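This is what each chain is made of:
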Amino acid sequence: MSDPAARRAVEAVWRIEASRLIAGLAAFTRDLGLAEELAQDALVAALERWPSTGIPDNPGAWLTTTARNRAVDLARRRGNHDRKLAELGRDLDEHAPEHDPDDDLLGLVFTACHPVLSPDARVALTLRVVGGLTTEEIASAFLVPEPTVAQRIVRAKKALAKAGARFETPPDEQRAERLGSVLGVLYLIFNEGYSATGGEHLVRPDLCVTALRLGRVLVSLVPREPEAHGLLALMELQASRIRARTTPDGAPVRLLDQDRSRWDRLLITRGLAGLERAERLGGGPYTAQAAIAACHARAATAEDTDWVRVVGLYELLALRVPSPVIALNHAVACGMAFGPEVGLELVDELLGEKALADYHLLPSARGDLLARLGRTGEARAEFERAAALTRNGRERAQLLARAQECGSGARPRTAAEDRG
Amino acid sequence: MRFMVLVKATADSEAGVMPTPEELTAMGAFNEELVKAGILLAGEGLHPSSNAVRVKFSGEGTTVVDGPFAETKELLAGFWILELPSWDEVVAWVRRVPNVTGAESELEIRQIFSDEDFAYAGEEVVAKEKELRARTENRG
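Taken in sequence, the protein lines are chains A and B.
Taking UniProt numbering, the leading residue of the first sequence gets 1, the next gets one more, and so forth.
Taking UniProt numbering, the leading residue of the second sequence gets 1, the next gets one more, and so forth.
One should not assume that every hint holds.
As the list claims (entries may be wrong) - A few chain B residues that don't get close to chain A, going by computed Cβ distances all over 10 Å:
#, residue
1, V7
2, G16
3, A29
4, V35
5, R54
6, G61
7, D66
8, E83
9, P85
10, E106
Unchecked claim - Short derived list, chain B residues pointing at chain A, Cβ under 8 Å:
#, residue
11, G38
12, L41
13, L46
14, G67
15, A70
16, K73
Unchecked claim - Per label pair, the in silico range of CB-to-CB distance:
#, chain 1, residue 1, chain 2, residue 2, range
17, A, T134, B, V17, 42 to 52 Å
18, B, L46, A, K162, 38 to 48 Å
19, B, L107, A, K162, 30 to 40 Å
Hints listed in this document are in silico derivations from the structure and should not be mistaken for laboratory results.
Note that the structure is a prediction, hence the values are computed from the model and not measured.
We put the CB at the ideal spot given by N, CA and C, even for glycine.
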């Protein structure tokens, strides 16, 4: 094996093992910074050894043993000067090697989404320690400077240490709330990839793939949680449309205009199966959203969509988690099921909503309904307003194009959920 | 990136010899690792080629040929579909497939085409898109 090839092979094994290794080390050191440091040391040792000895049969165990030996060394060397490490040295023997690595990983997932952390910090930490992304990758995904992400992670680790986080699965009474936080973080990551809030690209598939992978990991760790299945099903169904959501030059294509032959059948199959499991377990809001996504996935053509069912599902969702955004989606679905007059009437009821004041999809939906009613002048103004509100360059261009279509007297295209 | 890992047939798999409980356990544990890592999209085992059919195309005609087929090394016994960020990682995973009996066998990794692979066809795809839109507009 040539040197660069050997190095790449070792690094590939590292990426497979890193999250579980760090989880195990965090669980017994209760210090994420130290855990990462020890894990990195083990990687360096592997890079030194494996190219000549070959990759061991059980690389995970090799890395764990190496990291722990290093921890003991550190504890001895620092001796009484560092109480924490001295304690660690004692605890090492008590931390049984047969400790379930899945429990450790779940503990790490929950801790990365700890309530003392801001949502931004939860996302950064989850991507870093569970997803294995580098600081640079996280920064480029979220369009923030790398030092900002690095600092966010450092502060998050300090906050966790200060809060005395134990890197364990939280007790039952906190579990539902904390699981909600974990699901929220995964969906945030997915959404940033699916519909970028800023920048010049509408979708960043890599980020969606990462969110899907983490979602699948989570489902395997908590197989009885209906909403974990519901969220994963929702993400798989939405991700099935990624290929069709943009033209080759990156412009957005709305749901009704998409070439459905380009939807990913494998992800649809997985999403529908996941939805069934979620429903059987008694799912919640994510499951209801997955059921809506499934209505689109099941329709062979846009015209075949069961809009009445979509309306009903949005009503069900609104009962569980009332929100102006859901009310807007409900109005759009009503516009598709019962005609643009009905949709417009419902959308107009939302015009005073403070939460939607800067939400570009409100004027965009309104513009669409007005255009369908032939009120092109008003539609044009709405599309222009929407264009001024969005932070995404691709979306802005599309909205301005639609505004222009209204002005030039061209027949406007029909469209449903603008987001696709 | 998506990969298909092809499990090549062996004399045993072609003879319809079912895996031993030991092999099944090892393979089950490996599949569980793939699931836990969140990278397994699909995977199945295939019946031997004695239970297979080939449909051959030539000119305008088709011919149906029943199995079994002779060239064992060219036959398949199963597959996995994995989603991973790099070739290095898929190779690292496939090296972990258990080989309980120690018998000689072969796995082949093939990358599945994605949209980027068709970027060369850009303009044509754009044209198709435009045509599709035109059709929707006329209907609307």
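Checklist entry - Hint by hint, which ones does this structure get wrong, listed from lowest number up? => result Hints 4, 8, 9, 13, 14, 15, 16, 18 and 19 are the ones this structure does not satisfy, whereas the remaining hints hold.
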